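Starting from the structure of chain X, add chains L, H and U where the hints point.
One letter stands for each residue in the lines below.
Number of protein chains: 4
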Amino acid sequence: MTKLSIAEFQQIIRETLPVAAQYSPEIKTLEHGRAVIRLPYRKELLRPGGTIAGPVLMALADLAVYAAVLSAIGHVVLAVTTSLTINFLKKPAPAALTAEARLLKLGKRLAVAEVEIFSEGDPEMVAHATATYSIPPER
Amino acid sequence: MTKLSIAEFQQIIRETLPVAAQYSPEIKTLEHGRAVIRLPYRKELLRPGGTIAGPVLMALADLAVYAAVLSAIGHVVLAVTTSLTINFLKKPAPAALTAEARLLKLGKRLAVAEVEIFSEGDPEMVAHATATYSIPPER
Amino acid sequence: MTKLSIAEFQQIIRETLPVAAQYSPEIKTLEHGRAVIRLPYRKELLRPGGTIAGPVLMALADLAVYAAVLSAIGHVVLAVTTSLTINFLKKPAPAALTAEARLLKLGKRLAVAEVEIFSEGDPEMVAHATATYSIPPER
Amino acid sequence: MTKLSIAEFQQIIRETLPVAAQYSPEIKTLEHGRAVIRLPYRKELLRPGGTIAGPVLMALADLAVYAAVLSAIGHVVLAVTTSLTINFLKKPAPAALTAEARLLKLGKRLAVAEVEIFSEGDPEMVAHATATYSIPPER
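Protein chains in written order, with the numbering used here: chain X, 4 to 142; chain L, 4 to 142; chain H, 4 to 142; chain U, 4 to 142.
Rather than coming from a laboratory, the hints here were simulated on the basis of the structure. For clarity, every value in this text was computed on a predicted model and none was experimentally measured. Glycine included, every Cβ here is placed at the ideal spot set by N, Cα and C. Nothing false has been slipped in among the hints.
Covered by chain U, per the in silico footprint, the following chain H stretches (three or more residues, Cβ under 8 Å):
| id | segment |
| --- | --- |
| 1 | 17–24 |
| 2 | 37–49 |
| 3 | 57–71 |
| 4 | 76–89 |
In isolation and in its complexed conformation, chain X is listed as follows (with noise of 0.2 Å):
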């Protein structure tokens, strides 16, 4: 079971994170370690070539494992990235993405996470992320 909601999440992301905000993101599952989250297209995500900008996935990349982190452990609001690795595999089309993180690990310190990125009406996947947060100790 998720220790936090999708209500909660969406309430952190609107309060606390507005660079994920401006993204609009819609959190589509939460469960224990596993999250969903889909980005609805803008001509704004672009780059030259006609595809979403790298950093966009990246930004949901993170997004998806902070969700499938708190999932896990709750409202640990201080849960910060302290790596994350992406692999870009096929140039998503002018459309939504979405993003579906799950943990590998989770310790007391340290959780790891993997999350796979597809662009909506495409079942190859465009892009692949493993990512590392440190959980604080006091809690």
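Using the frame of chain X, we list chains L, H and U on its own:
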């Protein structure tokens, strides 16, 4: 010598990279294979903990590598990131950020760069990234 | 269908990959874009803490990706790793390891794969890796 | 000042790191947060293409970071790698390798380092790595 002027890169940002343009990046240096970019501080960049959100640093790192790549190969806007790894070393204060990218390798098909990010007024590095760009064959 | 048989890959290891051959890897599965490799335990694999040394897991991950790539493109031994990221999730016990690699992308020039590594008898993943291989143009 | 001498680190390798010891690494420099290690060439390090196998470079990078970490925290052999990213920039010739690691961050729980690897006689970097080590709490 750089194959792209600062003014030309600023124009690429302004006209084709809205995701980066929103942060009003200032290109301080553009040499062959090396770029320094400053990101002015705004409170919209913050996340819980009073620090700058990770995706802002990722976007800055990616932009700095893009600049370093184009400084070496010229106006090839279709060069795209194929992978990026970032390590967050220290929570950046609410202040401007400066990223310095330098090419580690410039091949025909791939360029690899590393990026060091500093927070203004702090001598300790706040993040370190490496990124690979794919260079389109036809140019 | 795999473009390389298990026997052919075992021969590549035996004749051309002494660094991998020293670990006596057993190829359990080789399908198109997917490979499972088992590494028998020996006490020479240990490091302080009674756990298997990180470089052994890196070598295993790299070999599993090489197998997955060749299973999809055939006997192209000059395919080489261009990058690899590994996250160590849990200290593996002194036991055999199993790595499962699957291709996330197979392009003309680059292949990207992810690898999950398990310690025999433990359902929790001990390491996760992603790697990119460069595929030589002339083949 | 280093908290571990070259002789002490050589002893750690000889007595507790058989995976590294097999490559007969030579510790050239050990300063606080910085280590230089040379790996002599042997033909058993090769892979198809007449170049040194990737896992050898990964093992060397990891060892150099371990040395840099211990030079800063002392004889804490239970420090372990939590993640490593390597970019292969150029196929190393059949020659000795030299890795130079330097700490980018030394925290209470995590240390982050970068590593540059060169092939003897070649001024161009052949590989670049970043790695994170977890430092055990009780010491």
